[in-house]
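Protein chains: 2
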Amino acid sequence: MKIFFSLRQVLLGSISLCIALATMPISADEGMWLYNQIPTELLQQRYGFVPDQAWLDHVRLASVRFNSGGSGSFVSSRGLVMAYHHVRADALQKLSATEHDLLEEGYHAKSEADELPCVDLELNVLMNIRDVTDEVNAAVTPELSPAEAYAARRGVINTIEQTEFEKSGLRSDVITLFQGGQYHLYQFKKYTDVRLVFAPEQGIAFFGGDPDNFEYPRYDLDVCFFRVYEDGQPAQIEHFLSWSEDGPQDEELIFVSGHPGRTSRLNTVAHLKYLRDILYPRRMDEIRRREVLLKTFAERSLENERRAKDELFGYQNSRKAILGSLAGLQDPVLMAEKQAAEDELRAAVQRDEEMRAKYGVSFDAISETLEVGASVTVEYGLLERGTAFNSELFSIARTLVRMAEEDSKPNADRLSEFTDAGRGSLEQRLYSAAPIYADLETVKLADSLGMLMEQMGAEDPLVLQILDGKSPRARAAELISGSQLADVEERKRVAAGGAEAIRDSEDPMIALAKLVDPRARALRTIVEEQVAEPQQQAYAKIAAARFKVLGTTTYPDATFTLRLAFGAVKGYQEGDTWIPPWTTIGGAYEHAEAHGNVPPFQLPELWIERRDQIDLSTPFNFVSTADIIGGNSGSPVVNQAGEIVGIIFDGNIYSLVLNFAYTDDLARATSVTSNAILEALRNVYDADDVADELGH
Amino acid sequence: MKIFFSLRQVLLGSISLCIALATMPISADEGMWLYNQIPTELLQQRYGFVPDQAWLDHVRLASVRFNSGGSGSFVSSRGLVMAYHHVRADALQKLSATEHDLLEEGYHAKSEADELPCVDLELNVLMNIRDVTDEVNAAVTPELSPAEAYAARRGVINTIEQTEFEKSGLRSDVITLFQGGQYHLYQFKKYTDVRLVFAPEQGIAFFGGDPDNFEYPRYDLDVCFFRVYEDGQPAQIEHFLSWSEDGPQDEELIFVSGHPGRTSRLNTVAHLKYLRDILYPRRMDEIRRREVLLKTFAERSLENERRAKDELFGYQNSRKAILGSLAGLQDPVLMAEKQAAEDELRAAVQRDEEMRAKYGVSFDAISETLEVGASVTVEYGLLERGTAFNSELFSIARTLVRMAEEDSKPNADRLSEFTDAGRGSLEQRLYSAAPIYADLETVKLADSLGMLMEQMGAEDPLVLQILDGKSPRARAAELISGSQLADVEERKRVAAGGAEAIRDSEDPMIALAKLVDPRARALRTIVEEQVAEPQQQAYAKIAAARFKVLGTTTYPDATFTLRLAFGAVKGYQEGDTWIPPWTTIGGAYEHAEAHGNVPPFQLPELWIERRDQIDLSTPFNFVSTADIIGGNSGSPVVNQAGEIVGIIFDGNIYSLVLNFAYTDDLARATSVTSNAILEALRNVYDADDVADELGH
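Going line by line, the protein sequences match chains A and Y.
If you count the first sequence from 1, you need to add 2 to reach my numbering.
If you count the second sequence from 1, you need to add 2 to reach my numbering.
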């Protein structure tokens, strides 16, 4: 896959409609566990090993999250960070000039002076966790209406975050767990000066390209190294992971410390059907539309290809991921299992008078929220998620328009993405120097305005206002060429001017954002108050019922926060074929050969040249039964000694169903071995400086 | 583009929802004229040249239609046929083995013995045209209900076709013109022994690939040559076109004799909105879905790519074509013009008492049919058009199931594709030896069954029966691996067994076709009786009104039958740039260079080697103002002397709007020059034998 996860989706207006509560007991190597709620009994019983608190603190503090989506880890005392390759792609895509395509060529800084500063990259390290469930719940009293409850909860959360931020200087996020069953305050140390140290060529990092994505066996060196700086100097890091030169061993217990983005395991069956029948099919149409659009744009010239490549890859990746999830939901066997588990829980609730009174109606309450959700899903997607305005410039304009309005309110009352606590991260994105390409913007906006006409109706009054008597193509060209927002200074000027600057602005993109905002905000309010809030309340009750019936040793659905998973290095049986747990570097050459040595199956020149100097028997990629999902890419895989034996970069095609239920029949997490990374650094890239620093 | 047109769409159950009547007067070089209704005054006035009857008969009899969609012409007395390259691709795709990919390599038969027989290819030459409007209308009396009227019309048409076929031995089709304003009997001579003589490499025939498709300037040698045989000998051809060695001249009058597939110029505005808001967006989602699916399949291996290539190209081509049409309809300016013209016609009808009585309600009647159409469009698409069953084996099974049932009825009562007159062509397709790939079939069917679940509902009773308790993927695998219909002999056995063989069959694909058929047929009946029939009646009235108001010198919408268009060789002004009327062969080398010389911008090796022997200043591709649309690909472009100066293979991106209205501002038809063809045959391919035969 590229199991990264877009934090922007969460931050910029994408409110999850997918929140819920598990109805099955824990099995096998299941679980994306909270660091403060580790399954000690399960580990003891399955593997006879339980990490102690020092081990847990050390691994947690060595784990990092990227704001661009994805995980990483500290691997030296001088701030060296190991990440998966796509993080680099994202950061460099924004930097690289036409002439010098770092994305293709890879990079190796010969000295610290050569380390390349990255645009927009932010790293978070989880310093503290504190349970604030009682504080949050105290603010949301039973007599409040859903709208009041929503506002009250948002208020108390904003206040806690702000207070704790002011106290500690740490980024402070209140995380909703178990869909509202628990609230934990997570405090993060931020690093924003991040520089690229080493990255291999795209050709080996993503060898096999989109065709091999989510497939196994694999042969990818999907890794890169950054260094974080503080005050212009490499940061001094206390907790960094040591390095295993031997790599993973067959059947050995391994841990994965990373940030799974989102799962829907605790969803009610009605909620799963909503995903299957409404949300996913619609999302798939959208993704395919954008994929085809970008592909067509990319094929017109080499420069177009460079401009569109990274975004295109994102859609291809999402398409496979959602398609895999959809295939799971379209399997009547999985749905029957889900239904049986839910029936059992519901029956248990019905049998107990007290539970029936407290939790009995929760399942039906979820279904009611889904009906509201379904009724606004088209307009909400177009106007509030903004799929009708597929343009960077529009996103910037909307952020400016909303920031001016939100900043006039008390912190506690603002939309979540405009609170004081998140301002630093918001501004980093808003004032990003990443280039914005007018041609690509125009093509994207024209197509999405066409989609708006199709889906909301060509004669809808708001649509007519948006198009202003022009065709989507003409209107997009006018908006993109007329806007000044590609200029970062202009954004700063407008932001500094506040509500007045927005009122007086003649920028056509700002005018468009203003035009759309009342209806978009109204839709957001409906979703927040009539979908998200009652859903959260109902799921919190289902969670409580489940704790009573099945016990509390469990884990919440993924929330793009730090989790610990575990499992064994293990192959699998696919039909008649046994897929061994690892491939070798030599296998990469055979794989290239079998595909005619053409892109994306063409090895980089250096790999061809150095073939004789490489130990071809070195394990290259390996699979394990650890419980992962999108967002886990880049997670360190560590052994019992806490040493890195690999880095997660993918899951096989069967792992996509992990969105809804854990299984170790065929589902596997895919990693690069630590020994292949060493072999490549030393014998392909002459990067002994990096190799020597690992674990030191 | 590749302006070919799938006749299969018309024959196998795709009933057009797009039939209508023009509301604007003829302008400029407009018109896809009937050979028996040539605009002599217009030609005289614009060009001072009117072809005489002998010229018309000669060019008509030298024009051919391919059953695979597309046009061609006889170019020698010994049966040599010039076609555009894709016809060859389609015919050879079905032949070529993995090892020997003729699609890529091109072909040149050194002697007649080496000429390669093509699978499934049928050529039609239009021998006679007779107006049978009165005969058809006599059978459809005003007191009949729509269902009766539909049956009566189908009956009389089937009878005329059968009688005339028996009389003459010629394929006899009654063609509906002016959406029911006129009916003409077209009689065709068929050639079914068609052999490939010469084809250039895919790399030059489709140089620039999908990215350059529908673009201009272009540099494609999109041509190939077949020879038709009769009784095992090259056919003796009386009417063949002579060859111009000089090629096209700037501003000269040219004619295009070919088979435009379908236009919607005479549609009411309500009908255009139906296309804009319902039919096209839905079709686009379908096409993008299939495009992405095939692309993903193709990328898994070189062999997959070969298997999927031709079908993939078809979707890419359709996607661009429909998108262009949709962009036209989403332009408020074009829609306002259409509306104004319609308002004018409606006002004229209202002013005249007799017209008001006879034709007054016709426009509203169209709108009513569209509402019915919209209400069944999803199910009709899935079940009757068969988009839920994207599989060759399913199409075969359905044909067998329906043939058994239809053959028990009198000829006049059968579904149009099962009449005696069409049986030869039907059997040629049904018993085609073209290979069917189980892996590709499974992938396609699985995806389309998933689409069925999404669109008709996972819990629809028929959907549950179709899926039989399995996931789309598992069900598709079971159906494809369980069916015997890949074997042509098995198809013949089932067909010979008639209704009994269908009843007793244990083939799972036949069982599926039987399961779906009652509902599919019911939907077809609704569309035929409540949409197509009343639409046809209403459009016939609008046509009559239009003849009264605007006169009869006009042409019907395209119907994939032979038409004559005319225009001038002419460049165009695009923004600040003047696009000259032709490119040169030398330009192809520059174009390749500018795109890094990688596919699809990589010239074939032979072209690199022979560069010094080619006259690089030879005009290569040229544009003209002739009025064309999909289906015209392969049409000969002839000068006043009736000599071939080129072959149509594409239109520029602006030409797509010709679907709805003619314009010569920017819209241009794109052709290969006759002189480039000669230059390539002689100086690239050493094919002097072919060059010498042209025009002799």
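No wet-lab data here; the hints were simulated from the structure.
Don't take every hint at face value.
A pair counts as met if it fits within one copy or between any two copies, since identical chains are not told apart.
Claimed, not checked - Under the rule of at most 16 Å between Cα atoms (straight-line distance), these lysine to aspartate or glutamate pairs were calculated in the EDC-like manner:
(1) LYS297 x ASP212
(2) LYS297 x ASP666
(3) LYS494 x ASP212
(4) LYS275 x GLU461
(5) LYS311 x ASP136
(6) LYS494 x ASP287
Is it within, between, both or neither when you check LYS494 against ASP212 at 16 Å Cα-Cα? Close neither inside one copy (38 Å) nor across copies (42 Å); limit 16 Å.
Reference check for the pair LYS311 and ASP136, CA-CA at most 16 Å: within, between, both, or neither? So LYS311 and ASP136 fail the 16 Å test inside a copy (47 Å) and across (61 Å) alike.
Check LYS297 against ASP666 for me: Cα-Cα at most 16 Å, and say if that holds within a copy, between copies, both or neither. Answer is neither; intra-copy 35 Å and inter-copy 30 Å both fail.
With 16 Å as the alpha-carbon cut-off, assign the pair LYS297 and ASP212 to within, between, both or neither. both (13 Å within a copy, 10 Å between copies)
State whether the alpha carbon distance between LYS275 and GLU461 is at most 16 Å within one copy, between copies, both, or neither. between (32 Å within a copy, 10 Å between copies)
Copy assignment of LYS494 with ASP287, given that the CA separation must stay at most 16 Å: neither (36 Å within a copy, 40 Å between copies)
This entry does not satisfy hints 2, 3, 5, 6, going by the numbered hints stated previously.
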